[in-house]
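For reference, the chains in residue letters:
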Amino acid sequence: MSHSAIGFFADVTSLLRAVESARAEHPGKLHTISPIPLPEVDQVLGAKPSPVRRFTLAGALLGFLAGWALTIGSAEHYPLIVGGKPLISLTPFGVVAYICTILFGALFTVAGMLINARLPRIQVGRGYDPRLTGNRFGLQVICRPEEFETVKRKLLELGAEEVKYVEV
Amino acid sequence: MNQLNYTRIDADLVKTMQPAGRAYYLVLACLAAVVAWGGYAWSVQLRRGLGVAGINWPVGWGVYITLFVFWVGIAHSGTLISAVLFLFRVRWRSSIYRSAEAVTVFAVMTAGLFPLIHLGRPWVAYWLMPYPQMGGLSPNYRSPLVWDVFAVSTYLTVSALFFFTGMVPDLAVVRDRSRGWREKVYGLLAQGWQGTDRQWRHYTAAYVFLAGLATPLVISVHSIVSWDFAMSIVPGWHTTIFPPYFVAGAIHSGLAMVMLLVIPMRRLFGLNAYITGEHLGNMAKMMILTGMLLGYSYAVEFFIAWYSGNPYERAIFFYRAFGDYAWALWLLVAANVGGPLLFFFSRIRRSTAWLFALCLLITVGMFFERFVIIVTSLARDYDPFTWRLYTPRWPEISILFASFAWFFLLFLLFAKAFPVVSMWEVKETL
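In order, the protein sequences belong to chains A and B. 71 is the number of the first residue of the first sequence in the numbering used here; add one for each residue after it. 327 is the number of the first residue of the second sequence in the numbering used here; add one for each residue after it.
These aren't lab readings, by the way, just hints derived from the structure by calculation. Possibly wrong hints are sitting among the right ones.
[Unchecked claim] Keeping only pairs whose Cα atoms sit at most 20 Å apart, straight-line, the calculated SDA-like set for lysine to any residue is:
1. Lys234(A) - His96(A)
2. Lys341(B) - Gly204(A)
3. Lys118(A) - Val534(B)
4. Lys118(A) - Thr522(B)
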C-alpha cells in the first residue's frame with residue numbers, strides 16, 4: 071500500500087508553481103490530477119512522450135498489410151477473372167488496404183491509450199476527490215505516513231487550499 | 327466566453343441532462359411513431375417484394391440510394407469540425423464539435439440502413455462482408471460497392487471511437503455529480519477516469535492520432551461513395567470531378583444539418599454562452615465556401631458535358647436542365663448555391679431565423695442533388711427504348727420520412743443522455 075498527500079489548488083498557475091518547487095525534493099513521486107490536460111506539467115516533470123504513437127504506427131502497418139493480404143489472398147484462393155481486370159488488381163485492392171490502414175490504426179490507438187492510461191477501471195482509485203474533475207487542481211505527492219505533516223506544510227506554503235492524506 | 331468558469335460550465339452542462347419534461351417525451355413519441363410507420367413500410371416491401379417500391383427497370387436506384395448518399399454526406403461535417411478543425415487548432419470548434427460528432431455517428435448509422443432496405447433479400451447482406459465460406463468465395467474487391475462496405479463501416483467505427491473517446495473526461499464529470507444508478511452507469515462509461523497527468527498524457531496523444539486518422543476519411547469516404555457512380559459508364563456519372571464534388575456537397579449538407587440541430591438545442595438548453603453567434607456565423611462562412619465549390623462543380627459538369635463533344639453526355643445534361651426533373655435541378659441550384667450566398671450579409675449570419683431557414687433549404691436542396699444525379703442518368707440511358715420515368719411510391723416516401731425521424735430520435739436521446747458540449751475543451755479555452 072502506498073501513501074500520499076494531495077494538495078488542492080484553485081488555479082493552474084499555482085499548481086504549476088508548486089510542481090516546479092516540489093520537483094527537486096520529490097523526484098518521481100509527483101502526480102497531478104486536473105479537469106483539463108496540462109502539457110506544461112509533463113514538461114516540468116520531464117515525462118517521456120506517450121508511446122501511443124507506436125501503437126498507432128503498428129496498427130496502421132498491420133492494417134495496410136492485412137488489407138493487401140485479404141484482397142490478394144482471396145483472389146489467389148479463388149481465382150476468378152471479373153470485369154476483364156487482372157486477378158491481382160492493385161488499384162482497387164489498394165483502396166481496401168488504405169481503409170484497413172485507417173481502421174486498424176484507430177483501433178490500435180484506442181487500445182494503446184487504454185493500456186498506457188491503465189483504463190478501463192471499474193472504480194476510481196481510493197482517495198480520489200470529485201472536485202478534481204470540476205474546478206480544482208490536485209498535486210499528489212507520494213510519501214511515507216511519517217512524512218505527511220512535512221509535505222502538507224510544504225504544499226500549504228506553495229499555495230494549496232487544503233491537503234488530504236490518502237492511502238492507495 | 328469570458329463570463330464562464332469551471333463551476334458554471336459543469337453546472338450548465340450537467341443541467342442539460344436533467345430529467346426531461348412532457349414535451350420532450352411527446353416529441354420522442356411522435357418520432358418513434360414515424361419510425362414505426364417506416365418499419366411497417368419496409369415490412370410490406372419485405373413481404374411483397376421490391377415491386378411495391380417505385381424502383382424498377384431502368385431506374386433501379388431511387389430514393390433509397392439517394393438517401394444512402396445523402397446521409398453519408400450529412401456525416402461529413404462532424405468529422406470536419408471535430409478532427410480537421412482540431413488539427414488546425416481552431417478554438418471555436420470546442421463548443422459545437424460534440425453535437426457535430428453525434429451528427430456524424432447517427433447519420434452513418436442511418437445511411438447504413440439503406441443498402442439493406444434497398445436489398446431484395448436483406449437477410450443475405452452478410453455476403454458483402456469477407457467471411458470464411460466453404461466454397462472459398464470472397465466479395466469482389468474490384469467493385470466500388472464492396473469498397474463502400476469497407477469505407478462506411480470503417481467510418482462508423484472510427485467516428486464512434488472518436489466520439490466516445492472525446493467524451494470520457496466529461497462522463498467522469500457527470501459521474502462525480504450524479505447519485506444512485508446514474509452514478510453507476512456514468513461511472514462505468516467513464517471507465518474510472520480521474521484526470522491524472524498519466525491519463526491525460528496518453529489521452530491527448532491518442533486524441534491527436536485519432537483526429538489524424540479521421541481526417542483522411544473526410545476526403546475518402548464520400549470519394550468512394552462517388553465511385554459507386556463514377557466507375558460506371560452511365561452518362562452523367564462517368565466523370566472524374568465526382569470525388570471532390572461529392573465531398574464538397576457532403577460537407578455543405580452536413581454543416582446545414584449541424585446548424586439545424588444546434589440552433590434549437592442552444593435555445594432549449596439555454597446554451598447561448600457556449601454556442602454563440604460567432605460559432606453559427608463561422609459555420610455560415612464555411613457554407614459560403616462549400617456552396618461556391620458546389621456551384622463551380624455544377625458549372626464544370628455542364629461545361630465538360632458540352633466540351634467533351636460526347637452526344638450522350640450532352641443529352642443527359644440537357645435533360646437534367648430542361649427535362650422531366652428540371653424543377654429539381656433548378657431547386658437544388660437555387661438552394662445549394664444561391665442560398666449560401668445570402669450568408670455574405672452579416673445581418674443574415676447573425677439572425678438564427680434566417681440561418682435556420684436557409685439551412686433547411688440547403689438540406690432539401692442536397693437531397694435533390696443526390697436524387698437528380700442518380701435518377702436522371704438512369705431514366706435516360708443510351709437507348710431511348712429503355713427510357714422510363716421514376717416516381718417514388720408510398721413505401722419509399724414513408725421510409726424517407728422515417729429515416730429523418732430515426733436520425734432526430736437518436737439525436738434527441740443523445741442530447742438528454744450525454745453532455746452536448748465538451749466540458750473539458752471549453753474549460754481549456756478559458
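Now for the hints, and whether the structure bears them out:
1. Annotation: proposed proximity of Lys234(A) to His96(A) holds, straight-line Cα distance about 17 Å (limit 20 Å).
2. Only pairs whose Cα atoms come within 20 Å are accepted, and Lys341(B) paired with Gly204(A) is accepted, the gap being roughly 14 Å.
3. Distance check on the hinted pair: Lys118(A) and Val534(B) sit about 17 Å apart at the alpha-carbon level, within 20 Å; holds.
4. Taking the CA atoms of Lys118(A) and Thr522(B), the gap is about 15 Å. The hint holds against a cut of 20 Å.
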